[in-house]
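As they're listed, the protein sequences go chains A and B. For the first sequence, numbering that gives the first Met the number 0 assigns the number 0 to the initial residue and increments by one for each residue that follows. For the second sequence, numbering that gives the first Met the number 0 assigns the number 0 to the initial residue and increments by one for each residue that follows.
Quick caveat, the hints were computed from the structure, so don't treat them as lab data. Misleading hints may appear alongside valid ones.
Remember, identical chains collapse to one label, so a pair may be satisfied in a single copy or spanning two.
Said to hold, decoys possible - When the alpha-carbon atoms are kept at most 20 angstroms apart in a straight line, the in silico SDA-like pairs for lysine to any residue are as follows: (1) K1 with A17; (2) K1 with S168; (3) K129 with T90; (4) K1 with V178; (5) K1 with I167; (6) K129 with E94; (7) K1 with P163; (8) K102 with A201; (9) K129 with S100; (10) K1 with E156; (11) K102 with Q75.
2 protein chains.
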Amino acid sequence: MKHFTRTDIDELARIPRANLINSISGYKPANLIGTVSRSGNTNLAIFSSVVHLGADPPLLGFVQRPASGVDRHTCQNIRETGVYTINHVNTDIVEQAHYTSAKFDRDVSEFEACGLTEEYLAGFAAPFVKESRVKIGLRLVDEMPIERNGTIFIIGEVEHIFLPDEIISEEGNVDLNAVETACISGLDTYHSVRQVARLPYARPFEVPDFDR
Amino acid sequence: MKHFTRTDIDELARIPRANLINSISGYKPANLIGTVSRSGNTNLAIFSSVVHLGADPPLLGFVQRPASGVDRHTCQNIRETGVYTINHVNTDIVEQAHYTSAKFDRDVSEFEACGLTEEYLAGFAAPFVKESRVKIGLRLVDEMPIERNGTIFIIGEVEHIFLPDEIISEEGNVDLNAVETACISGLDTYHSVRQVARLPYARPFEVPDFDR
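The shape of chain A in the complex, shown without the other chains (with noise of 0.2 angstroms):
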């Protein structure tokens, strides 16, 4: 068993503690953001940190790292149009979806750049990824300044969603697997996914009499 203390991940150099850290967390869902600037600029970036924050009502949350430097266009295109969407990354894509991550200038599009295609759905402003499978609309609601390290958690509330019809269940679940949605790793590693197990509602008098 190999045990990091603190001070020895302070004392890592920056890339080996980026890989370290980025790993711990457990696997890491893939999402396209796509966004547009005032001026008409589209932005398409990949992020690992979007999470599911409240079905009531529907609200995703993402980290934006600090807004300092000229490449952070999604957070810049967010306040100035007041929405975004969240395009799964599947595994037919993952290497396009990878490459949004190069710090472009700001009037290019990654779209452009990456071989992707942007989609404009339902009269929403902001671009979809045709080639994603999964696509949700989203209003800025909220930016919390992380104060410890500076960057800035955006919460978004769901406006639409777009999916196959055939992998959502009359009980709303959405087969995942079915449309190869991807996962990530650490900084640059990308995974396929399948099901092994399904689980009934946990309540405490059915709780299974595990063998110790």
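We have chain A; now place chain B onto it with these hints.
Coordinates of chain B only, in the frame set by chain A:
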């Protein structure tokens, strides 16, 4: 293509809405959070909302449901002691891990009730999960109330990491496939994960010529 507008989502019954919105963020990490109350009662609960916030300092966040109910023992214990553990769920313990979500009384330890084993390492006050293969000890840094839905975003700094020697590379990359770390979709579905691609650091002038 199925299209849900915000009105459609709001008109769904509670369970289908919860299933749908819990599914659309993509695959989620499967983690068990271990805590202990000031009086010594241990608690273990599954969370799918752990998110990477930054590597320097090493910070992770997670979302706690409204702390009003008697069942929010994780948050209560973290407030009392200032420390907690995050332990990866692997495919061998998905059933045990899932049943920690049942609403046990505060004097019941989910370790005992769900057949998992408390482990104390490096003098850290919060209990780790012996059956887990990647374990993190954290200290509470901040709590951010999410006003829109009454949840709380809990932020912690990593103090300890324990993992098998053979799954970490010189560059700090961690092979989560090798220890069968699981991921979650929706509220009740568990998955195993297999790598499909590892991609280089993305620079604008090195983007492949994607054939459109």
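Structure-based check of all given hints:
In the homo-oligomer, the alpha carbons of K1 and A17 lie at most 20 angstroms apart inside one protomer (17 angstroms), although the nearest pairing across protomers, at 39 angstroms, exceeds that limit. For a Cα distance limit of 20 angstroms, the shortest separation of K1 from S168 across copies, 12 angstroms, qualifies, whereas the shortest one inside one copy, 43 angstroms, does not. In this homomeric assembly, K129 and T90 come within 20 angstroms of each other (Cα to Cα) only inside a single copy, at 15 angstroms, whereas the closest approach across copies is 33 angstroms. Proximity of K1 and V178 under a CA criterion of 20 angstroms is satisfied inter-copy only: 14 angstroms between copies versus 37 angstroms inside one chain copy.
In this assembly of identical chains, K1 and I167 lie within 20 angstroms of each other by CA distance solely across copies; the values are 9 angstroms between and 42 angstroms within a copy. Proximity of K129 to E94 under the C-alpha cut-off of 20 angstroms is restricted to the intra-copy arrangement: shortest distance 16 angstroms within a copy versus 37 angstroms between copies. For a Cα distance limit of 20 angstroms, the shortest separation of K1 from P163 across copies, 6 angstroms, qualifies, whereas the shortest one inside one copy, 44 angstroms, does not. Taking identical chains as interchangeable, the C-alpha atoms of K102 and A201 lie at most 20 angstroms apart only when they sit on different chains, with a minimum of 8 angstroms there against 45 angstroms within one chain.
Taking the shortest Cα distances, K129 and S100 sit within 20 angstroms of each other inside one copy (19 angstroms), while across copies they are farther apart (37 angstroms). For the identical chains of this complex, K1 and E156 are inter-copy neighbours only, at 19 angstroms across copies versus 41 angstroms inside a copy, given an alpha-carbon limit of 20 angstroms. Taking the shortest Cα distances, K102 and Q75 sit within 20 angstroms of each other inside one copy (15 angstroms), while across copies they are farther apart (42 angstroms).
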